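Asks: All the letters of the sequence shown, read from the start, carry residue numbers 1 to 93 under our numbering.
None of these hints come from the bench; they were simulated from the model.
Treat the hints with care, since some could be wrong.
If you anchor each label on the Cβ, the simulated ranges turn out as follows [what the hints assert, rightly or not]:
id, residue 1, residue 2, range
1, Gly22, Arg56, 19 to 29 Å
2, Gly32, Arg58, 18 to 28 Å
3, Ile91, Gly48, 44 to 54 Å
4, Ala88, Thr55, 43 to 53 Å
5, Ser52, Gly22, 18 to 28 Å
Here the structure is a predicted model, which is why all the values come from computation and not from measurement.
Idealized CB from N, CA, C, for every residue including glycine.
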Amino acid sequence: MLRLVIISLLLATPAHAEPDTGLRLSGDARMGLVWSDRPDWAGQRESGLRMSNRTRLRFEFTGETDGGMRFGAEVELDSDRERPRPRALTIGE
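Just need the whole structure built from these sequences, with the hints factored in.
Replies: Following this line, the structure appears as C-alpha coordinates:
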(Lines of atoms letter the chains of each structure in order from A; the text may use other names.)
(Lines give C-alpha, C1' and ligand atoms only; values in the text may rest on other atoms or scores of the structure.)
Protein backbone atom coordinates (compact mmCIF):
# COMPACT_ATOMS: atom_id res chain seq x y z
CA MET A 1 0.00 0.00 0.00
CA LEU A 2 2.83 2.39 0.87
CA ARG A 3 4.50 1.67 -2.47
CA LEU A 4 1.26 2.52 -4.28
CA VAL A 5 0.97 5.85 -2.43
CA ILE A 6 4.59 6.77 -3.23
CA ILE A 7 4.17 5.87 -6.90
CA SER A 8 0.95 7.89 -7.10
CA LEU A 9 2.62 10.94 -5.57
CA LEU A 10 5.59 10.69 -7.92
CA LEU A 11 3.37 10.40 -10.98
CA ALA A 12 1.24 13.35 -9.88
CA THR A 13 4.27 15.59 -9.32
CA PRO A 14 5.50 17.37 -12.46
CA ALA A 15 9.16 16.74 -13.17
CA HIS A 16 11.58 18.75 -15.29
CA ALA A 17 14.48 16.82 -16.75
CA GLU A 18 17.10 17.78 -19.28
CA PRO A 19 17.66 15.37 -22.17
CA ASP A 20 21.16 14.25 -21.13
CA THR A 21 21.24 14.72 -17.36
CA GLY A 22 18.80 14.69 -14.48
CA LEU A 23 15.96 12.38 -13.62
CA ARG A 24 14.02 10.23 -16.07
CA LEU A 25 10.91 8.30 -15.11
CA SER A 26 9.45 5.51 -17.18
CA GLY A 27 7.32 2.48 -16.57
CA ASP A 28 4.26 0.54 -17.53
CA ALA A 29 1.21 -1.07 -16.01
CA ARG A 30 -1.33 -3.63 -17.09
CA MET A 31 -4.46 -5.16 -15.67
CA GLY A 32 -7.07 -7.55 -16.90
CA LEU A 33 -9.10 -10.68 -16.34
CA VAL A 34 -7.53 -14.14 -16.61
CA TRP A 35 -9.26 -17.51 -16.78
CA SER A 36 -7.44 -20.09 -14.69
CA ASP A 37 -7.88 -23.88 -14.82
CA ARG A 38 -6.48 -24.48 -11.35
CA PRO A 39 -2.79 -24.93 -12.12
CA ASP A 40 -0.95 -26.96 -9.48
CA TRP A 41 2.10 -24.69 -9.48
CA ALA A 42 0.01 -21.62 -8.54
CA GLY A 43 -1.57 -23.20 -5.47
CA GLN A 44 -5.08 -22.22 -6.52
CA ARG A 45 -8.04 -24.16 -5.18
CA GLU A 46 -10.60 -23.28 -7.84
CA SER A 47 -10.90 -22.68 -11.55
CA GLY A 48 -12.40 -19.44 -12.69
CA LEU A 49 -11.98 -15.84 -13.65
CA ARG A 50 -9.58 -13.72 -11.62
CA MET A 51 -8.05 -10.26 -11.74
CA SER A 52 -4.43 -9.91 -12.89
CA ASN A 53 -2.23 -6.80 -12.70
CA ARG A 54 1.38 -5.66 -12.84
CA THR A 55 3.17 -2.33 -12.48
CA ARG A 56 6.77 -1.31 -13.10
CA LEU A 57 8.43 2.04 -12.46
CA ARG A 58 11.97 2.88 -13.51
CA PHE A 59 14.10 5.77 -12.21
CA GLU A 60 17.25 6.83 -14.05
CA PHE A 61 19.45 9.48 -12.45
CA THR A 62 22.32 10.90 -14.51
CA GLY A 63 24.67 13.82 -14.08
CA GLU A 64 27.96 15.26 -15.20
CA THR A 65 30.68 17.00 -13.20
CA ASP A 66 32.32 20.25 -14.28
CA GLY A 67 35.30 18.17 -15.38
CA GLY A 68 33.14 16.10 -17.74
CA MET A 69 32.87 12.87 -15.74
CA ARG A 70 29.41 11.32 -16.01
CA PHE A 71 27.72 9.43 -13.20
CA GLY A 72 24.33 7.89 -12.65
CA ALA A 73 22.11 5.29 -11.06
CA GLU A 74 19.19 3.19 -12.20
CA VAL A 75 16.47 1.64 -10.02
CA GLU A 76 13.49 -0.38 -11.21
CA LEU A 77 10.51 -0.98 -8.92
CA ASP A 78 8.42 -3.99 -9.87
CA SER A 79 5.18 -5.08 -8.22
CA ASP A 80 6.15 -8.72 -8.85
CA ARG A 81 8.24 -9.70 -5.82
CA GLU A 82 9.26 -12.98 -7.46
CA ARG A 83 11.30 -11.15 -10.12
CA PRO A 84 13.78 -8.89 -8.33
CA ARG A 85 15.65 -6.38 -10.52
CA PRO A 86 19.28 -5.47 -9.96
CA ARG A 87 20.21 -1.87 -9.23
CA ALA A 88 22.85 -0.23 -11.42
CA LEU A 89 25.40 2.46 -10.59
CA THR A 90 27.64 4.05 -13.21
CA ILE A 91 30.65 6.32 -12.77
CA GLY A 92 32.38 7.63 -15.88
CA GLU A 93 31.84 6.52 -19.45
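Asks: List, from low to high, the hint numbers that the structure doesn't satisfy.
Replies: Failing hints, ascending: 4, 5.
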